[in-house]
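Participant: Just so you know, the sequences run in chain order Z and H.
Note that UniProt numbering has the first sequence beginning at 1, numbered continuously upward.
Note that UniProt numbering has the second sequence beginning at 1, numbered continuously upward.
It cannot be assumed that every hint is accurate.
Claimed, not checked - Computed spacing ranges between beta-carbons, pair by pair:
1) Asp-277/H to Pro-9/Z: 47 to 57 Å
2) Ala-158/H to Glu-248/Z: 54 to 64 Å
3) Asp-25/Z to Ala-100/H: 30 to 40 Å
4) Arg-180/Z to Gly-26/H: 47 to 57 Å
5) Arg-180/Z to Ala-141/H: 39 to 49 Å
6) Val-220/Z to Leu-287/H: 45 to 55 Å
7) Gly-120/H to Gly-21/Z: 31 to 41 Å
8) Pro-285/H to Glu-248/Z: 54 to 64 Å
9) Thr-63/Z to Gly-122/H: 51 to 61 Å
10) Asp-253/H to Glu-248/Z: 34 to 44 Å
11) Ser-7/Z to Gly-26/H: 22 to 32 Å
12) Arg-293/Z to Asp-134/H: 30 to 40 Å
What the hints assert, rightly or not - Here are some chain Z residues pointing at chain H (derived, C-beta under 8 Å):
13) Val-32
14) Glu-103
15) Thr-154
The set of hints was computed from the structure by calculation and includes no laboratory data.
Using N, Cα and C, we set each Cβ at its ideal position, and we do this for glycine too.
Number of protein chains: 2
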Amino acid sequence: MSATSPSAPAPVLVLVPGVTGAPADGGAAFHVADATVPQLSVTDLVATRGDGIFETIGAFDGTPVNVGPHLARLARSAEMVDLPAPDLGVLADAVDAVIAAHEPVAELSVRVMYTRGIEGAGEPTCWIHARVSDDWSPYRAGMKVAALDRGLPTSAPATSPWLLAGAKTLSYAVNMAAVREAKRRGAADVLFVSSDGYALEGPTSTLLVRRGDTFLTTPVSAGVLAGTSVQTLFAWLREQQGLATGEELMTLDDVAASDGAWLLSSTRLAAPIAQLDDRELPTDPELTARFERVLKGGI
Amino acid sequence: MSATSPSAPAPVLVLVPGVTGAPADGGAAFHVADATVPQLSVTDLVATRGDGIFETIGAFDGTPVNVGPHLARLARSAEMVDLPAPDLGVLADAVDAVIAAHEPVAELSVRVMYTRGIEGAGEPTCWIHARVSDDWSPYRAGMKVAALDRGLPTSAPATSPWLLAGAKTLSYAVNMAAVREAKRRGAADVLFVSSDGYALEGPTSTLLVRRGDTFLTTPVSAGVLAGTSVQTLFAWLREQQGLATGEELMTLDDVAASDGAWLLSSTRLAAPIAQLDDRELPTDPELTARFERVLKGGI
């Protein structure tokens, strides 16, 4: 059974045995594989420990956006979890291959997955999976967001790097549980809050806040992922619009009192926070639509 | 490539399509499958989100220990992460089947894995995998343990259930990162500490502390797993030895000043903490050996 209807284009899977160098069997660094049959061992450490990292890249009308920044972040995550450095050239080629093998669609979600591999083998597992993006239009129209404690202080990355704040790991059970809790509260998504009271990020997104002509996001040092989408928007805001951008620790009150806030991701793009718990925020459909065009690579 | 030598008995895999009721295809609730070929989809949510739960059961000379308590805890974890209730009768039979299918060995590690299943399918995935246990003798002889911050306060389970403290999820990337950090510090394992300063548990084990004739563990309400091994030892200590047992929040100083401490798990059994960071603890090889016999089911 599949989430997509029978008429939807089939997902495409590319396995990447050469992610850290030439494959032991002398074969190709990557190859298309059958996405409809099992391809993973039950003893892969991603299945027994959630021990892996990933990136999700959006491709719009066949063109992937921010491949370089995504793969650079994958390399940083690998370093944070002591995985061998991935070959970013191989991965970039494999991303192109998976998109080329997929039927042309308007919005494609391309996941690059990199795990610690089969227990005892000492070799990572890597695959790239592309499928038609979910329909994000209800989110892009403006959503209610629940603020939920993430338990950790903003000092955690500095004091306790093993807590992996800021690494994009595949251990997302808490992120998924938080989204379920938000839905129980009648919200569509989550804004995580640090134990010292600062807005952080969403479970799968980066916070963007507007204050007058300045656009702000959470400092990476507070334990959030370094967002690729926010960097794209910041560059556009500064260079094309002459506006100011920056990183700042913001409380929930700061966010609620702002001139607009969004949760950004590579596939959902810019989802406006229309309501934060019980407080309404101003939305700007025109600006959101411009963000969307910029994030699709169509500056 | 495999962690075990070519002469080691082969692991056994049982798939359990009937974990939440009769399989849709009318087939058996569980069946032995080939453990040497891929059996998992790359879109199983355990592979894309670490979204699943598990139990590891020890079997000694072919007899599994604490199957009932392990499966009851799996059911509690399922509730905590909003997974459908597993059929514990089916799972108990499947555990027996996987052990029966494995070549007889002294110590077998039996993992019961239960994931949210393939994205969009709305049906969990379940398998049981049995393999010869690792050689835990160096740990059982006494080990150095590093105390590492887990970032969360002991109040987290009460205030923020979505943080899943106390659920045995497959999102163990932080647990694995903590063990790597401990090894960098010359230690074999970790004792996690809450942000409010209390000893919690190991990444894959439960804390047991001796103070005179009283044996103590961390309260489950502090956000630790409800240990099955500690309950076995507590029952033996009270009923066979007439000693006192209890739950108590202990600081690292309390643990270091105790008359002995162990990290307990179902396969490693009772591993004495011989050194906690730079402080040495008394060990009692005779008592540890008795614990080991009790935990193997041989009271």
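Participant: Determine for every hint whether it applies to the structure shown.
Facilitator: Against the structure, the hints:
1. In this structure the hint that Asp-277/H and Pro-9/Z lie 47 to 57 Å apart at CB holds, the actual value being about 56 Å.
2. Taking the beta carbon of each, Ala-158/H and Glu-248/Z are about 31 Å apart, not inside 54 to 64 Å as hinted.
3. Between Asp-25/Z and Ala-100/H the beta carbons are some 36 Å apart, a value that agrees with the proposed interval 30 to 40 Å.
4. For Arg-180/Z and Gly-26/H, the Cβ-Cβ distance of about 32 Å falls outside the hinted range of 47 to 57 Å, so the restraint is violated.
5. In this structure, Arg-180/Z and Ala-141/H meet the distance hint of 39 to 49 Å, their C-beta atoms being roughly 44 Å apart.
6. In this structure, Val-220/Z and Leu-287/H meet the distance hint of 45 to 55 Å, their C-beta atoms being roughly 49 Å apart.
7. A beta carbon spacing of about 35 Å between Gly-120/H and Gly-21/Z agrees with the range 31 to 41 Å that was offered as a hint.
8. The given range of 54 to 64 Å is respected by Pro-285/H and Glu-248/Z, whose C-beta atoms sit roughly 57 Å from each other.
9. Hint check: Thr-63/Z to Gly-122/H, Cβ distance near 33 Å, so the stated range 51 to 61 Å is violated.
10. In this structure the hint that Asp-253/H and Glu-248/Z lie 34 to 44 Å apart at CB holds, the actual value being about 39 Å.
11. In this structure the supplied range 22 to 32 Å holds for Ser-7/Z paired with Gly-26/H, their Cβ-Cβ distance being about 28 Å.
12. Arg-293/Z and Asp-134/H have their C-beta atoms about 54 Å apart, which leaves the hinted 30 to 40 Å range violated.
13. Because the closest C-beta pair between Val-32/Z and chain H is about 13 Å apart, greater than 8 Å, the hint is violated.
14. Restraint check, Glu-103/Z versus chain H: the minimum CB separation of about 18 Å is more than 8 Å; hint violated.
15. For Thr-154/Z, the interface hint is violated, since its Cβ never comes within 8 Å of a Cβ in chain H; the closest pair sits about 11 Å apart.
Hint violations for this structure: numbers 2, 4, 9, 12, 13, 14 and 15, all remaining hints satisfied.
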